[in-house]
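Keeping their order, the protein sequence lines are chains A and B. The first sequence begins at 105 in my numbering and counts up by one. The second sequence begins at 936 in my numbering and counts up by one.
These aren't lab readings, by the way, just hints derived from the structure by calculation. Computed from a prediction, not measured in an experiment: that's the story for all the values here.
Lysine to any residue pairs mimicking SDA-like chemistry, simulated, CA-CA at most 25 angstroms apart:
no. : chain 1 : residue 1 : chain 2 : residue 2
1   : B       : LYS1133   : B       : ASN1160
2   : B       : LYS1109   : A       : ILE207
3   : A       : LYS355    : B       : ILE980
4   : B       : LYS1109   : A       : GLY200
5   : B       : LYS984    : B       : ARG1015
6   : A       : LYS203    : B       : SER1167
7   : B       : LYS1133   : B       : MET1066
8   : A       : LYS306    : A       : ASN331
9   : B       : LYS1025   : A       : ARG363
10  : B       : LYS1062   : A       : LEU205
11  : A       : LYS203    : B       : VAL1019
12  : A       : LYS358    : B       : LYS947
13  : B       : LYS1169   : A       : ARG363
14  : A       : LYS131    : B       : SER1041
15  : A       : LYS203    : B       : PHE950
Facing chain A, according to a computed beta carbon distance under 8 angstroms, are these residues of chain B, among others:
no. : residue
16  : ALA1014
17  : LEU1044
18  : SER1055
A virtual CB, placed ideally from N, CA and C, is assigned to each residue, including glycine.
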Amino acid sequence: MNLIWNEYQRIKSILGLSLSLAKANFKIRNEGSYLGVFWYLLEPLVFFIVLLIIRGAVLNTNIGNYQLYLFIGLIMFNFFTAVTNFSTRVIQNNSGFIKSLKINKEVFVISGLLQFIFSHFFEFLILIIFSIFLKVKLTYLLIFYPILFLFFCLFTVGVSFILSIIGVYIKDLSNVWSVFTRLLWLITPIFYTIENNSLLQKINIFNPLYYFINITREVIMSSKLPNIYWILSTIFCSVFVFLIGLIFFEKSKKKLAERI
Amino acid sequence: MINNLEKRIEVKDLFKKFNPDFRSSESALSKLINFLSGKNKNREIEILKGISFNVYSGEILGVIGKNGSGKSTLLRLLARVYEVDAGEIKTNGSVVYLTGFGQGSSPKLTMRENIYLMGSVMGLSQKDIKMRFDDIVEFSGLKDYVDMKVYQFSTGMISRLNFSIIIHCLNYQKPEILLFDEVFSSGGDLDFQEKATKKMEELIMSGATVVMVSHSFDTIEKYCNRVLCLDSGKIISIGQPQKVIGDYLSINSSK
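Chain B extracted, bound-state conformation (with noise of 0.2 angstroms):
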């Protein structure tokens, strides 16, 4: 059945190095004397070592694995935040990559002025902010505070702030292929929270093809067709949400 069905993002045999010693020599001094005394130093970690999968449309892939085996790596790959090694990835569809809500707005700005800025940076032209202005202003329930800049704001505030606008543009955007990177909670109060989730729940269920990575199994089991199991670059389990959870507790177990 699922052979009918468009592929929406296709991998093969993905690899990923990175350089760990480039920050030691990020100053021209430093440069000038490594080069100097001949020491170049140039290890290099994979991070992603081969790895080939495909994601269907409409389809929701959980990415589950331990810190540091690959999981924001690979999501930004598909983002194309980073370049890829080797191998290749393909796409069908415009992509949106989130990294959750406690960045992206200028605490020295006011709520108004961010809102036009961050919603320029997500792609939105003026005049499509100005239309949706109320709607998010309305959504974040901070009516009163529309001229206060962003420094005022206390913690959950701002994480509303940034959730309405980024959730607003979203649903504008309407894109094809999701990439969530830990980001189903909001951080606000408990009602927010729920109004949040309810959002959430309409953008994964409009159709877009989703890959999220979590650490909540709960999230994972809830909304997940399929699971991916990643462990240090390699995936090691691919399939039944509930099946490839007892893969991943079971590795962690018996180390």
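Pulled out of the complex, with its shape left as it was, chain A reads as follows (with noise of 0.2 angstroms):
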């Protein structure tokens, strides 16, 4: 009961410091001003436009509001690519901190993806009045976006752990990862759609982002509840991927103060 309670306080404290670690950082990277905000939806955004532009040209898609799958798909993308980005250099950024203070060291990553929950909402904001302006009919299906983008924190956050490590032990990494992010920008259907069996549908099996961009996108869209087996698998491997971000983060933390 004791040993609960102590570890419902640990989680407790870590929460409440990467919130204000969050703050700070946010408020770092906007110059304390709000407008600041702009510059996290630039970049969907302008791609947004861009890839609208050119869809006539490049692609023949018969997507029925093709403009909400193209949205629904960046900002998903987006998020999961700040938040890993981020969080390779995450803890070199903190090695002041991490070398002179006792500190529980999940709050660095965890606060960095604090910090881009908060930029989405912004997005999400924009998202739903595009589809008011699309007069896409919105339902109470709405409220399960929440819910999937708690199990798609969970698995961004796993991923992140395993990442803020690695950056440790490679200097380079980020550099390495976001060549990776970029190719899995191109993989995953996020300005197109894929056929049944074609070859990129079988790479897209083992890609967990593409589950979660689909059910959200058929939530949104299409007003429906998915294939139970898909929302299943994707919880699945959310709690999976955190759990083993989580245990390797763990098992390594005590290392971190002398290799940096």
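Got two chains here, separate frames each, mind docking them using the hints?
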């Protein structure tokens, strides 16, 4: 009982501190003004517009509401890239704290996550505005989005835990990782659809992001609950990745201070 | 008499090694090349070679020694920032480790935001910081600059701010064990220095167990009950301050 209580206190303090750090980081990045949020939105918006323009020229897709299809894919992928890229350098960037304080090191990774959840919230607002503008019927199924997003966060933070540790041992991991995410961006059907039984679909079976994005699209765009097996396997995958990441982080965190 | 006291820190046969070649192979490319060429340097330097001592409740232990003799490593091991290679450390009570007041604040945030950030990093809740906010500002004497960004501060002002935050957080937490790594001077002007020294003395004399590393014999002689002298990872002398400082000086002059 006591143990559970202690663990509860520890998690509470980790989340509290992560939130303070995330707030501070957010202020630093935005130079104290809320207009700074615009910079977060700039990238997905520009990509969105460019892809809309070239759509007719390159791809012949027959998706109703291509705009919505594209935007959901963009903001979800953007979130994943932002958090994981941030985590490749996060331990280095906070070496001052880690070397001089006995501090729960998880807070640095989690603060990165919280920071980008905050900006994702704005992207989501734009998504809602789009939907209303495009006269998409939004149903009660929209409340599934936060739940889906929660599991997406678990998955992302699991990957981030692993990357943050590797980033300590390999200083230029961020270069490697940004190339990797660029590849992933092309493989994942964000601005195109994939046909059944094509090579791309076979590759995407092993791409967790594909599942997350697809389920979200079905929930928001066609207002129907996706295949239950898809949902279960996605949930299983996110919890699994989260636990692996957490265990890996807990095992390696003791050695961090002397490596930076 | 000392046997009746409670042991706060117990250190037994402590060993610590570092790998000095770690930094030379830190990028992915050089790791790959090292792997392919089969050159895998694994030199190790022993920083601490079997150290044992005890610190008792309420005692103030000074640690002296040359640069690179393992003083800071010892403190970091006690604070659990580093992991022990061999041997064991037992601490009884909450531990706080301090290394100077120069760093910690983020230059791009205002002083108010910095107080909240550093307070939460030191382990206080937002409510607790709010309660102490006025005291911290008052003590630092920077009342007119509360909403100014810290990069506009002078070096002296920054160390005054950091000192005020840290000392107030410590006063609140009342840790049982304090570890100081060269932190006796606050870096402010004469007035502030006086105020700061008084605060530090209050903290040390409040009954906490203190281990402090210092190069200033004045400080050591003034506050410490016992002194430990380290030389290349071994304890060469431990006991009365005057005696140990004498030993330390005689080693230095004989070399």
